[in-house]
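Engineer: Read off the chains here:
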Amino acid sequence: MSAELKQILTTDGIPLEISLKRAERKNKIKAFLLVAPLLFFLMITYIFPIGDMLMRSVDDKMVTNMLPNTFKSMENWDGTEMPSEEIFEAFYIDFQKLVEEKREGKLSTQLNYTKNGFKSIIKKLRRKSKTFEEGNYKEQIMAVHRRWADIDYWRAIKRHAPSYTTSKYLKGIDMYKNEEGKIVSVEEDRRIHRVLWLRTLEIAFFVTLLCFLMAYPIAYLLATIPMKYSNLLMICVLLPFWTSLLVRTASWMILLQQQGVVNDFFVMIGLVADDNRPEMMYNKTGTYVAMTQILLPFMVLPLYSVMKTISPSLMRAGKSLGGTPFVTFWKVYFPLTIPGIGAGCLLVFILAIGYYITPALVGGASGTLISNQIAFHMKSTLDWSFASAMGLMLLTGVLAIYWVYNKLVGIDNIKLG
Amino acid sequence: MALPKYTQLHYRIWHYFYIFICSCVFIFLIAPLFVIFPLSFNAEEFLVFSEGMKNLDPDAFSLRWYKDMIYGTKNPWGLAAKNSFIIAIFATLGSVLLGTVAALGLSSRHMPFKGFIMATLISPMIVPLIISGVAIFFFMAKAGLAASHTGIILAHIILGTPFVVITVTATLSGFDHSVTRAASSLGSNPVNTFMKITLPLILPGVISGGLFAFVTSFDEVVVVLFLAGLDNTTIPIQMWTGLREQLSPTILAVATCLIILSTLILVTAELLRRRSERLRGINR
Chain A
1 MSAELKQILT TDGIPLEISL KRAERKNKIK AFLLVAPLLF FLMITYIFPI GDMLMRSVDD
61 KMVTNMLPNT FKSMENWDGT EMPSEEIFEA FYIDFQKLVE EKREGKLSTQ LNYTKNGFKS
121 IIKKLRRKSK TFEEGNYKEQ IMAVHRRWAD IDYWRAIKRH APSYTTSKYL KGIDMYKNEE
181 GKIVSVEEDR RIHRVLWLRT LEIAFFVTLL CFLMAYPIAY LLATIPMKYS NLLMICVLLP
241 FWTSLLVRTA SWMILLQQQG VVNDFFVMIG LVADDNRPEM MYNKTGTYVA MTQILLPFMV
301 LPLYSVMKTI SPSLMRAGKS LGGTPFVTFW KVYFPLTIPG IGAGCLLVFI LAIGYYITPA
361 LVGGASGTLI SNQIAFHMKS TLDWSFASAM GLMLLTGVLA IYWVYNKLVG IDNIKLG
Chain B
1 MALPKYTQLH YRIWHYFYIF ICSCVFIFLI APLFVIFPLS FNAEEFLVFS EGMKNLDPDA
61 FSLRWYKDMI YGTKNPWGLA AKNSFIIAIF ATLGSVLLGT VAALGLSSRH MPFKGFIMAT
121 LISPMIVPLI ISGVAIFFFM AKAGLAASHT GIILAHIILG TPFVVITVTA TLSGFDHSVT
181 RAASSLGSNP VNTFMKITLP LILPGVISGG LFAFVTSFDE VVVVLFLAGL DNTTIPIQMW
241 TGLREQLSPT ILAVATCLII LSTLILVTAE LLRRRSERLR GINR
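So the protein lines, in turn, are chains A and B.
The numbering used here numbers the first residue of the first sequence as 1 and each following residue consecutively.
The numbering used here numbers the first residue of the second sequence as 1 and each following residue consecutively.
In case anyone wonders, no lab produced these hints; they're calculated from the structure.
A hint or two may mislead.
Claimed, not checked - Which chain A residues face chain B? A few, computed with CB under 10 Å, are given here: (1) 35; (2) 43; (3) 46; (4) 250; (5) 257; (6) 261; (7) 354; (8) 356; (9) 378; (10) 402.
Stated by the list, open to error - Calculated cross-link-like contacts (lysine to any residue; reagent style SDA-like; alpha-carbon spacing at most 25 Å): (11) B:82 <-> A:245; (12) A:28 <-> B:116; (13) A:21 <-> B:189; (14) A:308 <-> B:175.
Since the structure is predicted, the reported quantities are computational estimates derived from the model, not experimental observations.
In this text, a Cβ means the ideal position worked out from N, Cα and C, and glycines have one as well.
Starting from the given sequences, assemble the full structure and let the hints guide the process.
Structural biologist: Below, the structure is given as structure tokens:
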């Protein structure tokens with residue numbers, strides 16, 4: 001049979017199979033060429049820069065390049081006792097060069113990330129080293145400050161010897177490599193990042209749950225009432241969806257402030273005393289309330305589009321077979337809406353976990369998320385490699401959920417409006 | 001949602017309870033937007049309803065914050081609005097152009113690695129903005145485009161294209177390809193076919209994608225925070241600074257204008273969606 005098929009020729013005398021394949025390939029190339037401009041644009045401006053973040057987060061060449069002689073002489077130093085004169089001399093040579101180039105400040109910033117206390121002793125060393133005499137650098141450097149005689153600080157320097165480091169990632173989960181090279185957690189009261197990760201997950205989870213609990217009833221209402229009413233009510237969902245995020249956050253700031261409308265209302269119905277108005281903003285409550293309202297449309301729309309496709313006759317059939325309204329709903333209707341629930345929950349969770357603006361404005365200190373910490377390190381401490389590392393850790397989590405979303409819902413099924 | 005006459009009492013109660021819950025959720029969704037309206041006409045400097053406002057005293061209302069928004073001394077809103085519109089318009093044009101062409105390729109059934117490429121093209125919408133902001137900032141700093149309009153426009157094209165790709169592929173999913181084949185068989189070249197046949201049919205999808213891209217750019221603050229210099233300030237940046245430092249009623253005047261703008265966009269988007277569904281023969 002297959003031999004016969006191969007015999008079929010097109011009018012050009014080319015076997016049909018080859019001709020078909022050619023046409024297919026041509027079509028493939030055509031389709032790809034249409035996508036290519038956007039794909040390459042995104043590759044260059046977006047995907048590669050994310051890769052660049054990865055490089056930055058593990059890159060430790062800066063210190064390696066600043067102290068080349070020191071690290072060379074440190075190769076055989078095992079860190080059990082104070083470094084030898086040879087290492088001190090190499091360090092002195094490197095340091096003099098840095099001072100000449102005025103780069104010792106950068107060194108102190110980098111070393112300070114690894115171990116606190118480097119900043120001041122490097123400043124001091126710069127001042128004193130001007131009057132150093134030749135030879136016996138070990139004693140001269142150790143005399144500058146007692147920390148220079150502390151072996152821990154030399155071990156901290158040695159940890160910078162490799163060009164690549166995972167220390168930023170460890171720092172992101174409040175761990176570090178100690179002097180013996182073991183990975184340990186920092187002291188309990190300094191574990192700020194773990195608290196933040198947990199809080200981010202917690203807030204994202206509860207915001208998703210709240211959104212689901214609020215969106216399900218109204219999506220059901222929208223899907224079951226007559227068209228002319230549902231169109232009108234749909235505006236209540238779509239108007240916030242199209243309104244600026246900052247406008248919505250601003251309105252929550254007005255509503256939730258101590259003299260605000262919500263507090264006025266609580267006082268009016270006698271829930272709280274006038275002189276004892278609760279603080280509802282600049283804490284977790286503010287973050288929860290504002291984020292739930294802002295993300296609610298993202299839950300309603302997928303639920304609505306699934307519910308719209310469920311035939312009302314199914315419920316009628318369930319009831320006519322003797323089910324009470326609740327049983328029919330639970331056994332017939334609810335299972336059919338699960339795809340919509342999955343889509344909505346994943347979407348809201350993905351958006352909530354990376355939220356930045358709203359927590360920064362209404363969250364205060366106790367309601368900020370991991371994104372705020374990333375922004376803080378980008379803008380204030382300028383520890384960009386740490387910001388990159390935290391960003392990539394967050395990204396890994398988001399991409400994992402994105403992958404699940406793609407498997408369950410299919411990325412081309414995202415509905416907008 | 002009228003109940004049949006034979007409904008039992010406890011279902012009746014449950015039904016009204018359900019309606020009550022739904023009303024609460026709707027109020028929760030929409031009410032925050034309506035607080036801004038009256039307060040932006042406040043004659044006083046405080047962001048609370050004054051006694052006069054509660055009694056509907058005409059003296060308690062004024063347009064002073066709108067005047068401040070437009071004529072105020074050293075006010076940043078004029079420049080910010082100009083920048084916002086320039087950036088949003090160019091970013092929308094770029095997103096629509098790149099996104100529509102890519103969507104045409106993606107909806108071809110010959111497209112290789114469709115799922116993977118689609119996931120890549122949509123990713124700027126899914127990746128947290130703060131990460132996009134950091135990555136784009138690194139790129140723009142290297143390319144020397146930080147603190148320039150071009151840099152911000154390119155960044156907003158990145159963020160806007162996913163919306164165009166999604167809406168246009170959705171429109172193309174109901175597209176009858178035999179009409180383009182008919183055009184070709186009648187001797188039309190591909191470009192002509194696209195302009196005369198395909199584009200008018202997918203136009204609603206293209207425009208609604210463009211609206212999304214416009215709103216995304218117009219409302220974007222995280223990436224601009226990393227990229228903007230003093231000359232590139234935008235409306236969201238000014239609002240962000242204002243909200244962080246001091247909530248002034250001028251911000252509410254701006255917010256009111258933005259709500260009106262978004263209402264207009266919503267109406268346009270809805271009309272387009274209906275037209276698109278009619279064109280594609282989906283009757284509801």
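Engineer: For the hint on residue 378 of chain A, just tell me whether its beta-carbon gets within less than 10 Å of chain B.
Structural biologist: 6 Å, holds
Engineer: Just to be careful, I want the Cα atoms of residue 21 of chain A and residue 189 of chain B compared with a cutoff of 25 Å; is the pair within it?
Structural biologist: Judged against 25 Å, a Cα distance of about 23 Å means the pair holds.
Engineer: Please check whether residue 257 of chain A passes as an interface residue: C-beta within 10 Å of a C-beta belonging to chain B.
Structural biologist: 7 Å, holds
Engineer: Quick check on the hint: residue 356 of chain A CB to chain B CB, less than 10 Å?
Structural biologist: 5 Å, holds
Engineer: Does residue 43 of chain A pass the interface hint, meaning its C-beta sits closer than 10 Å to a C-beta of chain B?
Structural biologist: OK, holds: residue 43 of chain A within 10 Å of chain B, min 8 Å.
Engineer: Given residue 261 of chain A was flagged as interface, is its beta-carbon under 10 Å from a beta-carbon of chain B?
Structural biologist: Result: holds, 6 Å to nearest chain B Cβ.
Engineer: Holds or violated: is there a CB of chain B closer than 10 Å to the CB of residue 354 of chain A?
Structural biologist: Holds: closest Cβ of chain B sits about 2 Å from residue 354 of chain A, inside 10 Å.
Engineer: Take the C-alpha atoms of residue 82 of chain B and residue 245 of chain A, compute the straight-line distance between them, and say whether it is at most 25 Å.
Structural biologist: With Cα atoms ~20 Å apart, residue 82 of chain B and residue 245 of chain A stay inside 25 Å; holds.
Engineer: Does residue 402 of chain A meet its interface restraint, that is, does its C-beta lie within less than 10 Å of any C-beta in chain B?
Structural biologist: Hint on residue 402 of chain A: holds, closest Cβ of chain B at ~5 Å, below 10 Å.
Engineer: Given the hint that residue 28 of chain A pairs with residue 116 of chain B, test it: the Cα-Cα distance must not exceed 25 Å.
Structural biologist: 15 Å, holds
Engineer: Starting from residue 308 of chain A, check that the Cα of residue 175 of chain B is at most 25 Å away, please.
Structural biologist: 22 Å, holds
Engineer: Holds or violated: is the Cβ of residue 35 of chain A closer than 10 Å to a Cβ in chain B?
Structural biologist: 4 Å, holds
Comparing the model with each earlier hint shows no violations; every hint is respected.
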